[in-house]
Amino acid sequence: MAETLNMTVNMGPQHPATHGVLRVLLELDGEIIVKATPCIGYLHRGVEKLAETMTYNQALTLTDRLDYTNGLSNNLSYCLAVEKLLDLKIPKRAQYLRVMLAELQRISAHLLWLATHALDIGAMTVFFYAFRERETILGILEQTTGARLTPSFIRVGGLAADIPDTFTASVKTFVDDFPARVDEYETLLTDNIIWKKRTQNIALLSREDALNYGITGPVLRASGVKYDVRKAYPYSSYDDFEFEIPLGRNGDIYDRYVVRLKEMRQSNRIVKQTLEKLPEGPVRAHALTVVSPDKADVQKDIAALIRHFKIMAEGFKTPCGEVYSSVEAPKGELGFYIVSDGTNKPFRMRIRPPSFINLGILPKMAEGLMIADVVAAIGSLDIVLGEIDR
Amino acid sequence: MSMVRNPVEALQESFGDAIRKVEEFRGEISVTVDKSKIREVMFFLRDNGNFLYDMLIDLCGVDYCGDAQRFEIVYLLRSSRFGNRITIKARLQENEDVDTVMDIWMAADWLEREVYDVLGIKFNNHSDLRRILLPDEFVGHPLRKDFPVQGYDFEKPFSVQLEEESNG
Amino acid sequence: METVPFILESLIKVVVVFSVVMLIVAYITLLERKFLGFIQVRLGPNRVGPCGIWQPLADGIKSFFKEDIIPLQADKPLFVMAPMICFFAALSMFAVIPFGDSVYLFGRKIKLVIADVDIGLLYIFALGTLGEYGVVLGGWSSGNKYGVLGALRTAAQMISYEAALGLTLIGTVILAGSLRLTDIVEAQRGVWFIVYQPFAFILYIVAGLAEVNRTPFDMPESESELACGYNIEYSSMKFALFFMAEYAHIVVVAAVATTLFLGGWLGPFLPGPVWFLIKVFFVVFFFIWERATFPRLRYDHVMQFGWKVLFPLALLNVVVTACIVALK
Chain A
1 MAETLNMTVN
11 MGPQHPATHG
21 VLRVLLELDG
31 EIIVKATPCI
41 GYLHRGVEKL
51 AETMTYNQAL
61 TLTDRLDYTN
71 GLSNNLSYCL
81 AVEKLLDLKI
91 PKRAQYLRVM
101 LAELQRISAH
111 LLWLATHALD
121 IGAMTVFFYA
131 FRERETILGI
141 LEQTTGARLT
151 PSFIRVGGLA
161 ADIPDTFTAS
171 VKTFVDDFPA
181 RVDEYETLLT
191 DNIIWKKRTQ
201 NIALLSREDA
211 LNYGITGPVL
221 RASGVKYDVR
231 KAYPYSSYDD
241 FEFEIPLGRN
251 GDIYDRYVVR
261 LKEMRQSNRI
271 VKQTLEKLPE
281 GPVRAHALTV
291 VSPDKADVQK
301 DIAALIRHFK
311 IMAEGFKTPC
321 GEVYSSVEAP
331 KGELGFYIVS
341 DGTNKPFRMR
351 IRPPSFINLG
361 ILPKMAEGLM
371 IADVVAAIGS
381 LDIVLGEIDR
Chain B
1001 MSMVRNPVEA
1011 LQESFGDAIR
1021 KVEEFRGEIS
1031 VTVDKSKIRE
1041 VMFFLRDNGN
1051 FLYDMLIDLC
1061 GVDYCGDAQR
1071 FEIVYLLRSS
1081 RFGNRITIKA
1091 RLQENEDVDT
1101 VMDIWMAADW
1111 LEREVYDVLG
1121 IKFNNHSDLR
1131 RILLPDEFVG
1141 HPLRKDFPVQ
1151 GYDFEKPFSV
1161 QLEEESNG
Chain C
2001 METVPFILES
2011 LIKVVVVFSV
2021 VMLIVAYITL
2031 LERKFLGFIQ
2041 VRLGPNRVGP
2051 CGIWQPLADG
2061 IKSFFKEDII
2071 PLQADKPLFV
2081 MAPMICFFAA
2091 LSMFAVIPFG
2101 DSVYLFGRKI
2111 KLVIADVDIG
2121 LLYIFALGTL
2131 GEYGVVLGGW
2141 SSGNKYGVLG
2151 ALRTAAQMIS
2161 YEAALGLTLI
2171 GTVILAGSLR
2181 LTDIVEAQRG
2191 VWFIVYQPFA
2201 FILYIVAGLA
2211 EVNRTPFDMP
2221 ESESELACGY
2231 NIEYSSMKFA
2241 LFFMAEYAHI
2251 VVVAAVATTL
2261 FLGGWLGPFL
2271 PGPVWFLIKV
2281 FFVVFFFIWE
2291 RATFPRLRYD
2301 HVMQFGWKVL
2311 FPLALLNVVV
2321 TACIVALK
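So the sequences go chain by chain: A, B and C. Taking the numbering used here, the leading residue of the first sequence gets 1, the next gets one more, and so forth. Taking the numbering used here, the leading residue of the second sequence gets 1001, the next gets one more, and so forth. Taking the numbering used here, the leading residue of the third sequence gets 2001, the next gets one more, and so forth.
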């Protein structure tokens, strides 16, 4: 009897379908995968160590670069953690704007996921359609924050600045058009028999496995667990808004696709509500030692100038203690565990990265799949290496 | 649905002295546990019908350089049934090991590997304890307080070895 | 003895057909990129000349000037020959396709087909299969395990769908009573065969897509899969030859569809060749449209579909057609 050896194939750090510098070692028996080992760390920049050397305001810029597809959600998660540490109350207008920006970011992150996932499976056109909408959102975000990728707009105490005058009109146009666009994507994919053949009953994830592996986000909800941080531990006035949490049944790739599409629609609904209900008021908390005064005051009043200088140069001191605060990022539960020793720099800033923990399921999920399915499975997990490697 | 019993009370009842400290800060409860009892505490929290903490949300390490018990492992648990969160902590001295909780929650697999990688804490009975984020040949554990931010070889020039030289 | 004028006539036809076909193949690449662009809400090439007219020329020049790499572990003679085999097979299929009615020039009746053989359709199938040699040899001689895997997959897919492809056309052959392509076109003077054989037309289009490795059957050459295609080690002109062979094959599949189902060059007012080009253009446009719309099928789905669905359906079509014709 001839002895057969399994072939080891390397899906290298450079690969069009691994969405970043992810390396997966696949042991194959013919076309079937016997063992899959992800190797990460190609994008490790030591964010957690760096944060210990920076003031709280400076460390905010590190958070943009975690999940770079949705910088504002990362900023929000970090700011909520620091504000919890400081026990700071944020004005309503700032909270509503934070929700609006975070939900717009969620839509843009899901659009990126849809575009790349469909492209991996071969549907090229969806890629361009989704990016068309994403351009609109990034244009809106650039109007407001000044950057497409690294906004650093949500600051400790509120927002960096108030929204410009053109903002609400652009958002309204987008929000009115968007449901029809999602219908377009659905027409191309949802009932397409080829799409269903490629995604249904593939890479199944049971409810028990999902909970045991610590999976969060759309992947968990596609397996039937109703856990969304926005509903479970509401933050930033999310309980003022009405929205649903879509759930899946089987936990296959198709369910994850359907859940994320429905989430896009729900996010659109939330943005609409924030537009209607947006109150007037300040966008920064009134906390003299933490929040920098308005630019107009800084330029006129010497006391404001001194405060601004102190806050920017020295930062603010936080009380001793530890907090954990999380948000529902598009990829899952993004949490920050900050340990403070009473100084102006965090003693330990731990980032709970959803993609890192979600990727842990890949070895189990990939067993028994064919090579072509691994690409689809990685796409359905929706990972971003910036967050995994930090 | 909220929990019938208070988890802290139940823990103190069942484990007595092993529960070293209970703190509350900004509405969150954290319980410091003796590291030798960590597995029993975790099994209790996961399997006891009153609590059912079936999700390990996060596992991380903190370096309190200068304290007698230098390291602290922080476990953040959540119950999907009741929706409660709890933080369990365990203190370690330098060079001490702690038992793995990988067989309790598989999420601990990679999380413990990361703690080993950046802080150098070994987990007993972990199936595959090796570096995850840093290269395998890396020397040192960067997140420790005595490891400089710029690394040890910041001043060293980057040597380029041409292929012809390495082939001899 | 008619040899010298015959040879001259054939030579001129060959030159004309070859140049026109090369031009069509080059401009189909541009057409595809423009159509895909418009469907995908973008413009496609528009820099090199108005509407990107000179793009194929630019691509040709680029291909020509790239470095021609032959890997050390490659089997050199086969490596060089493989793209030539593919290209030769693809182009030779045009020899039997009729472009129009006979014309009268210099007192001679000249048929607008290079070689009007009585086994025209069989000739096309034979050359199609010959083209697959090029694919397998190309993958194997690269000396790269991914090339071999890709080549085997491609060859397996092409061979499976050849069987179904042939069967779908038997229906029209029964109706026309001949394998000679000019006869098949003549038999459609009254009604095009698509009216009598709509089902066979659909089956033919599907089998044709798989034969030329187009989406949704383009797994062997998709970029986002692990095992890249058979042409993984090819560069410069050899790669361009594979590429042109693929597009020429697409035009052949479209031309055969036109000849057998859409009435070939038949049509009122306009001269034959123009109608022929218009019909071929429509079929090719459909192929491009299909590429823009659908995701790709997994390899085992492709094989299952070819053998378990398409082949029996094509067989059924033949049986039903034969029964109806026998009963008439």
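These are computed hints drawn from the structure, not numbers from a lab. Remember, it's a predicted structure, so these values are computed and weren't measured experimentally. Some hints here could point you the wrong way.
[Said to hold, decoys possible] List time: in silico DSS-like cross-link candidates among lysine-lysine, alpha-carbon distance up to 25 Å:
1. C:2308 with A:197
2. A:89 with A:196
3. A:262 with A:277
4. A:92 with A:196
5. B:1122 with A:345
6. A:49 with B:1037
7. A:272 with A:172
8. B:1037 with A:345
9. B:1089 with A:84
10. A:92 with A:35
11. A:35 with C:2145
Inset, instruction - For the pair supplied as a hint, residue 272 of chain A and residue 172 of chain A, confirm whether the alpha-carbon distance does not exceed 25 Å. - result: 7 Å, holds
Inset, instruction - Quickly compare the C-alpha distance for residue 89 of chain A and residue 196 of chain A to 25 Å and report which way the hint goes. - result: Since the Cα atoms of residue 89 of chain A and residue 196 of chain A sit roughly 48 Å apart, the hinted pair is violated (cutoff 25 Å).
Legend entry - Pairwise hint evaluation, residue 345 of chain A against residue 1122 of chain B, where the allowed Cα distance is 25 Å at most: The hint is violated at about 28 Å.
Inset, instruction - Measure nothing beyond the straight line between the CA atoms of residue 35 of chain A and residue 2145 of chain C; if it is 25 Å or shorter, mark the hint as holding. - result: With a Cα-Cα distance of about 20 Å, the restraint between residue 35 of chain A and residue 2145 of chain C holds, given a limit of 25 Å.
Legend entry - 25 Å limit on alpha-carbon distance, applied to hinted pair residue 49 of chain A and residue 1037 of chain B: With Cα atoms ~30 Å apart, residue 49 of chain A and residue 1037 of chain B exceed 25 Å; violated.
Legend entry - Restraint check for residue 2308 of chain C with residue 197 of chain A, where alpha carbons must lie at most 25 Å apart: 16 Å, holds
Inset, instruction - With a cut-off of 25 Å on the C-alpha distance, tell me whether residue 1037 of chain B and residue 345 of chain A pass. - result: Not satisfied, since the Cα-Cα distance of roughly 33 Å exceeds 25 Å.
Legend entry - Given hint residue 196 of chain A paired with residue 92 of chain A - CA-CA distance at most 25 Å: 44 Å, violated
Legend entry - Distance restraint between residue 92 of chain A and residue 35 of chain A, which requires alpha-carbon spacing of 25 Å or less: Judged against 25 Å, a Cα distance of about 51 Å means the pair is violated.
Inset, instruction - Starting from residue 262 of chain A, check that the Cα of residue 277 of chain A is at most 25 Å away, please. - result: 23 Å, holds
Inset, instruction - Could you grab the alpha-carbon distance between residue 1089 of chain B and residue 84 of chain A and see if it respects the 25 Å cut-off? - result: Holds. Residue 1089 of chain B to residue 84 of chain A sits at ~20 Å (cutoff 25 Å).
Checked against the numbered hints listed earlier, the structure breaks hints 2, 4, 5, 6, 8 and 10; every other hint is satisfied.
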